[in-house]
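Assembling the complex is the task here: the two chains are given apart, and the hints tell you how they should meet.
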Amino acid sequence: DTGVSQNPRHKITKRGQNVTFRCDPISEHNRLYWYRQTLGQGPEFLTYFQNEAQLEKSRLLSDRFSAERPKGSFSTLEIQRTEQGDSAMYLCASSFGGRQETQYFGPGTRLLVL
Amino acid sequence: GQNIDQPTEMTATEGAIVQINCTYQTSGFNGLFWYQQHAGEAPTFLSYNVLDGLEEKGRFSSFLSRSKGYSYLLLKELQMKDSASYLCAVRDLQSGGSYIPTFGRGTSLIVHP
Chain A
1 DTGVSQNPRH KITKRGQNVT FRCDPISEHN RLYWYRQTLG QGPEFLTYFQ
51 NEAQLEKSRL LSDRFSAERP KGSFSTLEIQ RTEQGDSAMY LCASSFGGRQ
101 ETQYFGPGTR LLVL
Chain B
115 GQNIDQPTEM TATEGAIVQI NCTYQTSGFN GLFWYQQHAG EAPTFLSYNV
165 LDGLEEKGRF SSFLSRSKGY SYLLLKELQM KDSASYLCAV RDLQSGGSYI
215 PTFGRGTSLI VHP
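Residue numbers (my numbering), protein chains in the order written: chain A, 1 to 114; chain B, 115 to 227.
If you're looking for bench data, these hints aren't it; they were derived computationally from the structure. Hints are supplied without guarantee of correctness; some may be wrong.
In the DMTMM-like style, the derived pairs of lysine to aspartate or glutamate whose C-alpha atoms are separated by at most 20 Å in a straight line are [claimed, not checked]:
| no. | chain 1 | residue 1 | chain 2 | residue 2 |
| --- | --- | --- | --- | --- |
| 1 | A | K11 | B | E155 |
| 2 | B | K171 | A | E101 |
| 3 | B | K190 | B | E169 |
Far from chain A, by Cβ distances over 10 Å, these chain B residues were calculated [as the list claims (entries may be wrong)]:
| no. | residue |
| --- | --- |
| 4 | N117 |
| 5 | A130 |
| 6 | N135 |
| 7 | T137 |
| 8 | F143 |
| 9 | E155 |
| 10 | D166 |
| 11 | L168 |
| 12 | K182 |
| 13 | Y186 |
| 14 | E191 |
| 15 | A198 |
| 16 | S212 |
| 17 | I214 |
The following residues of chain A were derived to be distant from chain B, with all beta-carbon distances above 12 Å [claimed, not checked]:
| no. | residue |
| --- | --- |
| 18 | E56 |
| 19 | P70 |
| 20 | E78 |
Glycine included, every Cβ here is placed at the ideal spot set by N, Cα and C.
Excised from the complex, chain B in its bound form (with noise of 0.2 Å):
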């Protein structure tokens, strides 16, 4: 089994910069993504990190320690259309030999002008 813990909920100004954290306890890890959820849509993809270090994509980028459990997603130049929920999902070995991404409860960010 796993664990993935992340905040609830954040809250951050047009314009600024957030980072969401998400920790987790697994074996067999192989890969870590994040997911962009508007409500009431389906998860879409923003992220993935398998190695330790820092992926930059545009406003978006996410970082992964393996040996502290540990990852990050950091949003710059906040946008009101970024409020949304972000979810950390981790793929790890799962009983019948297969890996499957595990996904945490999500961070519910809300940007204010």
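Only chain A is shown next, with the shape it has when bound in the complex (with noise of 0.2 Å):
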């Protein structure tokens, strides 16, 4: 059990330019979660998959955003037309389910929008 583990640790990008992150889950989690932090918050959900399927996603996440998880295993996260305001830690965590559902964070990416 390697942990979760996520892609690019870091990215700097022009405004307007699209990106796309990965996140890969502990192996045997089916449910994932992607979250925004900025300094001096707590992270802000973005978007929940439960294997392949996003079930929930935040009334706040522009259409800009968009999550995949195709095989119900890693999951991307793109961002289109980005701005600077998007300039954040991205952060995915994973879970297995049953009764406390522990999440367990990757170690992020830090995406700066100049």
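Encoded structure:
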């Protein structure tokens, strides 16, 4: 068990460009979450997958954001036409379900939009 | 929706005890988590409460009162390495029918020698 991994760890892009991040959850975990975190704030929920189905999406999430989990394993988060306000740490977490359903977080992808 | 409130910052002395409070307003409550997050790192799980009462795990304890919408995290015998942000997260029912943890802004704890 190598934990949750995310790639890339850092991304610098120019405003207007598209970016894609990848998350590989813990192998037996069927639930996957994306959060965004800015300095001094807690993680803000973006979207949630159970297996390959996207079951929840934050109402605050712009339509420039899209996420997929095509085979119920890894997931990708794409941001189109990036804006400076998109600069943040993007965290992925996975869980197995059950009564407690503890989330295990990846190291995050830090995005800077210039 | 929900509202989670916790102090922005606290300071304490090495070896002392500190209590970090969290209050929340939500519907469809299904558990409360505490996470620790060191600067530049991912959150790591500390504790989980779904029933009223105290859960103890080594130097850390967490308490929940569902009727009051209140929890606290108690850290004993503070060490310098406990300097971190402590995140309160409440799992509640979302519009799509799933239970999702929503995080507070976190409490930055600074431990002094």
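Quick rundown of the hints versus the structure:
no., hint, result
1, K11(A) with E155(B), "holds, 16 Å"
2, K171(B) with E101(A), "holds, 18 Å"
3, K190(B) with E169(B), "holds, 14 Å"
4, N117, "holds, 13 Å"
5, A130, "holds, 25 Å"
6, N135, "holds, 15 Å"
7, T137, "holds, 14 Å"
8, F143, "holds, 14 Å"
9, E155, "violated, 7 Å"
10, D166, "holds, 16 Å"
11, L168, "holds, 17 Å"
12, K182, "holds, 21 Å"
13, Y186, "holds, 17 Å"
14, E191, "holds, 24 Å"
15, A198, "holds, 13 Å"
16, S212, "violated, 5 Å"
17, I214, "violated, 6 Å"
18, E56, "violated, 5 Å"
19, P70, "holds, 20 Å"
20, E78, "holds, 21 Å"
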